[in-house]
Amino acid sequence: LAIGDEYLGWLYYQYLLITSIYVLEPWEQSIFNSVFFSSVAMVIYTSYAFVPVHVRLALKFFSGICGEQPESTMALKQWMDGMDDRKEIGNEKGGLPT
Amino acid sequence: MARTTAPVPNGNLKIQLNGNNFKNENCKKNGYHNKAQKNSTAHSAGPPSSRQRFQRPESFENPPMYVAVMTYLGFGIVTLFGYFRDFLRAVGLEKCHIAREREEQKDFVPLYQDFENFYTRNLYMRVRDNWNRPICSLPGPVFDVMERVSPDYNWTFSLTGKTIDNVINMGSYNYLGFAENDGDFLKTVADRTQQYGLGVCSTRQEMGNLAIHEELEQLVATFLGVESSMIFGMGFATNSMNIPALVGKGCLILSDELNHTSLILGARLSGATIWVFKHNNMQSLERLLREAVCSGQPRTHRPWRKVLIMVEGIYSMEGSVVRLPDIVALKKKYKAYLYLDEAHSIGAVGPTGRGVTELFGLDPSDIDVMMGTFTKSFGAAGGYIAGKKELVDSLRSHSHSAVYASAMSPPVTEQILRAMKCIMGLDGTTVGQARVHQLAENTRYFRSRLQEMGFIIYGNDDSPVVPILLYMPGKVVAFSRAMLKRKIGVVVVGFPATPITEARARFCLSAAHTKAMLDQVLFDLNELGDDLCLKFSRRKYSPRPQQHNNNDDTDFELDS
Numbered sequence: 001l002a003i004g005d006e007y008l009g010w011l012y013y014q015y016l017l018i019t020s021i022y023v024l025e026p027w028e029q030s031i032f033n034s035v036f037f038s039s040v041a042m043v044i045y046t047s048y049a050f051v052p053v054h055v056r057l058a059l060k061f062f063s064g065i066c067g068e069q070p071e072s073t074m075a076l077k078q079w080m081d082g083m084d085d086r087k088e089i090g091n092e093k094g095g096l097p098t
Numbered sequence: 001m002a003r004t005t006a007p008v009p010n011g012n013l014k015i016q017l018n019g020n021n022f023k024n025e026n027c028k029k030n031g032y033h034n035k036a037q038k039n040s041t042a043h044s045a046g047p048p049s050s051r052q053r054f055q056r057p058e059s060f061e062n063p064p065m066y067v068a069v070m071t072y073l074g075f076g077i078v079t080l081f082g083y084f085r086d087f088l089r090a091v092g093l094e095k096c097h098i099a100r101e102r103e104e105q106k107d108f109v110p111l112y113q114d115f116e117n118f119y120t121r122n123l124y125m126r127v128r129d130n131w132n133r134p135i136c137s138l139p140g141p142v143f144d145v146m147e148r149v150s151p152d153y154n155w156t157f158s159l160t161g162k163t164i165d166n167v168i169n170m171g172s173y174n175y176l177g178f179a180e181n182d183g184d185f186l187k188t189v190a191d192r193t194q195q196y197g198l199g200v201c202s203t204r205q206e207m208g209n210l211a212i213h214e215e216l217e218q219l220v221a222t223f224l225g226v227e228s229s230m231i232f233g234m235g236f237a238t239n240s241m242n243i244p245a246l247v248g249k250g251c252l253i254l255s256d257e258l259n260h261t262s263l264i265l266g267a268r269l270s271g272a273t274i275w276v277f278k279h280n281n282m283q284s285l286e287r288l289l290r291e292a293v294c295s296g297q298p299r300t301h302r303p304w305r306k307v308l309i310m311v312e313g314i315y316s317m318e319g320s321v322v323r324l325p326d327i328v329a330l331k332k333k334y335k336a337y338l339y340l341d342e343a344h345s346i347g348a349v350g351p352t353g354r355g356v357t358e359l360f361g362l363d364p365s366d367i368d369v370m371m372g373t374f375t376k377s378f379g380a381a382g383g384y385i386a387g388k389k390e391l392v393d394s395l396r397s398h399s400h401s402a403v404y405a406s407a408m409s410p411p412v413t414e415q416i417l418r419a420m421k422c423i424m425g426l427d428g429t430t431v432g433q434a435r436v437h438q439l440a441e442n443t444r445y446f447r448s449r450l451q452e453m454g455f456i457i458y459g460n461d462d463s464p465v466v467p468i469l470l471y472m473p474g475k476v477v478a479f480s481r482a483m484l485k486r487k488i489g490v491v492v493v494g495f496p497a498t499p500i501t502e503a504r505a506r507f508c509l510s511a512a513h514t515k516a517m518l519d520q521v522l523f524d525l526n527e528l529g530d531d532l533c534l535k536f537s538r539r540k541y542s543p544r545p546q547q548h549n550n551n552d553d554t555d556f557e558l559d560s
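Here the protein sequences line up with chains A and B, keeping their order.
Under full-length UniProt numbering, the first sequence is numbered contiguously, ending at residue 98.
Under full-length UniProt numbering, the second sequence is numbered contiguously, ending at residue 560.
Simulated from the structure, these hints should not be mistaken for laboratory data.
Be a bit skeptical, because a hint or two may be false.
Derived lysine to any residue pairs resembling SDA-like cross-links, with alpha carbons at most 25 Å apart [unchecked claim]:
{"hint": "1", "chain 1": "B", "residue 1": "Lys485", "chain 2": "A", "residue 2": "Leu11"}
{"hint": "2", "chain 1": "B", "residue 1": "Lys249", "chain 2": "B", "residue 2": "Ile264"}
{"hint": "3", "chain 1": "B", "residue 1": "Lys162", "chain 2": "B", "residue 2": "Gly140"}
{"hint": "4", "chain 1": "B", "residue 1": "Lys487", "chain 2": "A", "residue 2": "Ile31"}
{"hint": "5", "chain 1": "B", "residue 1": "Lys485", "chain 2": "A", "residue 2": "Glu25"}
{"hint": "6", "chain 1": "B", "residue 1": "Lys95", "chain 2": "A", "residue 2": "Ile31"}
{"hint": "7", "chain 1": "B", "residue 1": "Lys535", "chain 2": "A", "residue 2": "Gly9"}
{"hint": "8", "chain 1": "B", "residue 1": "Lys249", "chain 2": "B", "residue 2": "Val403"}
{"hint": "9", "chain 1": "B", "residue 1": "Lys335", "chain 2": "B", "residue 2": "Leu269"}
{"hint": "10", "chain 1": "B", "residue 1": "Lys487", "chain 2": "A", "residue 2": "Trp10"}
{"hint": "11", "chain 1": "B", "residue 1": "Lys333", "chain 2": "B", "residue 2": "Pro364"}
{"hint": "12", "chain 1": "B", "residue 1": "Lys535", "chain 2": "A", "residue 2": "Glu6"}
{"hint": "13", "chain 1": "B", "residue 1": "Lys535", "chain 2": "A", "residue 2": "Ile3"}
{"hint": "14", "chain 1": "B", "residue 1": "Lys487", "chain 2": "B", "residue 2": "Asn166"}
{"hint": "15", "chain 1": "B", "residue 1": "Lys535", "chain 2": "A", "residue 2": "Tyr12"}
{"hint": "16", "chain 1": "B", "residue 1": "Lys485", "chain 2": "A", "residue 2": "Asp5"}
{"hint": "17", "chain 1": "B", "residue 1": "Lys487", "chain 2": "A", "residue 2": "Trp27"}
{"hint": "18", "chain 1": "B", "residue 1": "Lys485", "chain 2": "A", "residue 2": "Gln29"}
{"hint": "19", "chain 1": "B", "residue 1": "Lys388", "chain 2": "B", "residue 2": "Asp524"}
{"hint": "20", "chain 1": "B", "residue 1": "Lys485", "chain 2": "A", "residue 2": "Ile31"}
{"hint": "21", "chain 1": "B", "residue 1": "Lys95", "chain 2": "A", "residue 2": "Trp27"}
{"hint": "22", "chain 1": "B", "residue 1": "Lys485", "chain 2": "A", "residue 2": "Tyr12"}
{"hint": "23", "chain 1": "B", "residue 1": "Lys535", "chain 2": "A", "residue 2": "Leu8"}
{"hint": "24", "chain 1": "B", "residue 1": "Lys421", "chain 2": "B", "residue 2": "Phe185"}
{"hint": "25", "chain 1": "B", "residue 1": "Lys535", "chain 2": "A", "residue 2": "Tyr7"}
{"hint": "26", "chain 1": "B", "residue 1": "Lys95", "chain 2": "B", "residue 2": "Tyr83"}
{"hint": "27", "chain 1": "B", "residue 1": "Lys106", "chain 2": "B", "residue 2": "Pro151"}
{"hint": "28", "chain 1": "B", "residue 1": "Lys388", "chain 2": "B", "residue 2": "Thr222"}
{"hint": "29", "chain 1": "B", "residue 1": "Lys485", "chain 2": "A", "residue 2": "Gln14"}
{"hint": "30", "chain 1": "B", "residue 1": "Lys535", "chain 2": "A", "residue 2": "Trp10"}
{"hint": "31", "chain 1": "B", "residue 1": "Lys485", "chain 2": "A", "residue 2": "Leu8"}
{"hint": "32", "chain 1": "B", "residue 1": "Lys162", "chain 2": "B", "residue 2": "Asp524"}
Use the sequences and the hints to build the structure in full.
In C-alpha cells form, the structure reads like this:
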C-alpha cells in the first residue's frame with residue numbers, strides 16, 4: 001500500500017504539472033480540483049444514465065429504417081414512441097422533472 | 001524544392017534541401033552532391049575537418065501533439081485564474097502588491113491593463129523565484145547561490161543568510177573558462193590597474209584613447225585575420241550604436257527572424273527599411289534579395305543605397321549556427337553587405353577558436369562587418385567591430401559609441417588581451433588551445449548523451465549552447481527548482497523570450513567543466529527527465545554515436 005501511495009503521489013504531481021496547476025497557490029488548486037472533479041463526476045453520471053438508452057433507441061430507429069424503406073412515417077412514429085420511453089426511464093432513475 | 005543557385009567555394013559539400021525543420025520522425029534528408037562545383041574549384045577551401053563540420057545537420061524536432069495541446073491548456077487555465085485574481089483585486093477582496101493607478105487616475109487611460117502587465121502580474125510573479133537568483137561568488141564552473149525564501153508566494157523575498165555552495169553552473173556564458181580569479185593568471189591585470197587606474201573618465205574621441213586600447217585593437221585584428229578593428233565598452237551598445245552609423249534611410253536591412261534585441265534596436269534606430277527572413281532559411285533570403293534588387297525602394301523604385309544582411313554566428317536561444325557559406329555566396333551574387341554578429345561564437349567554435357568563419361573555412365575578408373563581444377568567451381565586457389580599414393576608420397568618427405560612450409576600462413582591456421593571447425598561444429603556453437579543444441569535447445559529449453537519453457535538443461551539434469525543450473509552464477518551473485535542489489544552476493526561458501509553446505532550459509557548456517561535473521549533470525537530468533516526464537523525443541539513437549555515424553539523422557556521406 002505504501003508503494004501504491006508513492007505512485008499515486010507521483011501521478012498527482014504529473015497532473016499538477018501537465019495542467020500547470022503547479023504554479024497556483026494551494027487554495028486556487030483546491031478550487032480548480034473541485035470544479036474539475038465535479039464536472040468529471042457529472043459527465044460520468046450522465047453517461048451512465050443516458051448512454052445505454054440512447055444507444056438502444058438509435059439501434060431500434062436505424063434497424064426500423066432499414067427494414068421498412070417506404071414507411072418513413074411509421075419509423076418516425078416508432079422513434080417518437082421511443083422518446084416517450086426515454087422520458088419514463090429518466091423518471092425511474094429519479095431526479096428529472098416530468 | 002529549390003536549392004541555392006549560387007556556387008559555393010567548398011568543393012565537397014552536401015546541400016540540405018529541407019531547411020531546418022525536420023517534420024518526419026526519422027528525419028529523412030534529401031541531399032546530393034553538387035558535382036559541378038567539385039570540378040570547378042582547383043583548391044579546396046579549408047581543412048577537411050571544417051568541411052566535415054559544415055555538413056553536420058541541425059535539428060528542431062517537433063514534440064508529440066499532446067504536448068502542444070497541454071501547453072496551451074496549461075496557459076489557458078492559469079490565464080483564467082489570472083482574470084479571477086484580477087477581479088478579486090479590483091473588488092478589493094485581495095490586497096494588490098503590484099503597481100496600480102491611484103484613485104484620481106482611474107478615469108484616465110488605463111496604464112496596467114495591457115497583456116504584458118497582465119502576464120507579469122499573474123504568471124511571472126507566481127514563479128519568479130527561478131530567475132534573478134543572487135549569487136555570491138565568481139560565476140565559474142561552480143558557484144555559490146544565496147538562499148532566499150518568500151512568505152507571500154514570490155511577491156517579496158528575504159535572504160535567509162545561508163548560501164548553497166558549489167552549485168554547478170550551467171547558465172553562465174563562460175565558454176572558455178576565463179571567468180577565473182586565480183592570482184597568477186590575473187597578475188598582468190593587476191599591473192595594468194596599478195599603471196592606468198580603473199576609470200577612463202572620457203570617451204575615445206576626447207581623452208580616453210589609451211595605448212592599451214590601440215594594442216587590443218591590433219590584437220583583435222590579428223586574431224580575426226582582418227585589416228583593422230575597433231573596440232567598445234559595452235557589447236549591446238556595439239550593435240545598437242554602430243548599425244546607425246553604417247546604414248541609414250534609403251538602405252535595406254535583411255535581418256534574421258531570431259536576431260538579438262541589440263541588432264533589432266540598432267536596425268530600428270538607423271531608420272533603414274527592415275525586412276525579416278525566416279530563420280536560417282536561404283530560400284526566404286534569396287527571395288527577399290531578388291525582390292530588393294528588382295523593385296528597389298518602396299515608392300520611388302530607386303535602387304537601395306545599401307543592402308545589409310544581418311545574421312548571428314550562433315543564435316543563443318536555439319543553439320543553431322548560421323549557414324555562412326550559403327549567405328556569402330548569396331551576398332556576392334546580389335552585391336549585398338554582410339554583418340555577422342559573433343557574440344556567442346567567437347572563441348567558442350572553430351578549430352582554434354576564431355569563430356564561424358574558421359568553422360566553415362571561409363576567408364574573413366568575405367564578411368564585410370565582423371562584430372563580436374568579449375563578454376562570453378573572454379570573461380570580460382565590451383565588444384568589437386572588425387573589417388576593412390576604411391570601414392573601421394569611418395566608424396571611429398561616426399559611431400555614437402565612439403563619440404559619446406565612455407572608453408573601455410584598463411583592467412577589462414588587459415583581461416581581454418591576456419585571454420586572447422592565451423587562445424592564440426602568444427603567451428607561450430598551450431592552455432588556450434587546450435581550452436578550445438576541451439570545449440569542443442564537452443559539447444560533443446554532452447549533446448550526444450542528451451540525445452541518447454531522449455530529450456529534444458535544438459541546434460547544431462557544434463554549438464556549446466544546448467537548449468532542452470520543456471514546453472509546459474508547470475514543468476519549466478518544477479525543473480528549475482528541482483535542479484537547484486540537486487545543486488545545479490540552470491537558466492530556464494519561457495514566453496516572451498521564446499515562442500509560447502517552446503519554453504526551454506538553456507545549458508551553456510564551458511571548457512572549465514570537468515567530465516565529472518558533466519556526468520553529474522547528466523545523471524540528474526536523466527533522473528529528472530524520468531520524474532517529470534521530459535523525454536519527448538521520438539527518434540532512435542544508437543548508443544555510441546561518436547564511433548560510427550550510423551544514426552538515423554546524423555548520417556552524411558563524405559565521398560570525395
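Violated constraints from the hint list, given by number and in increasing order
4, 17, 19, 20 and 27
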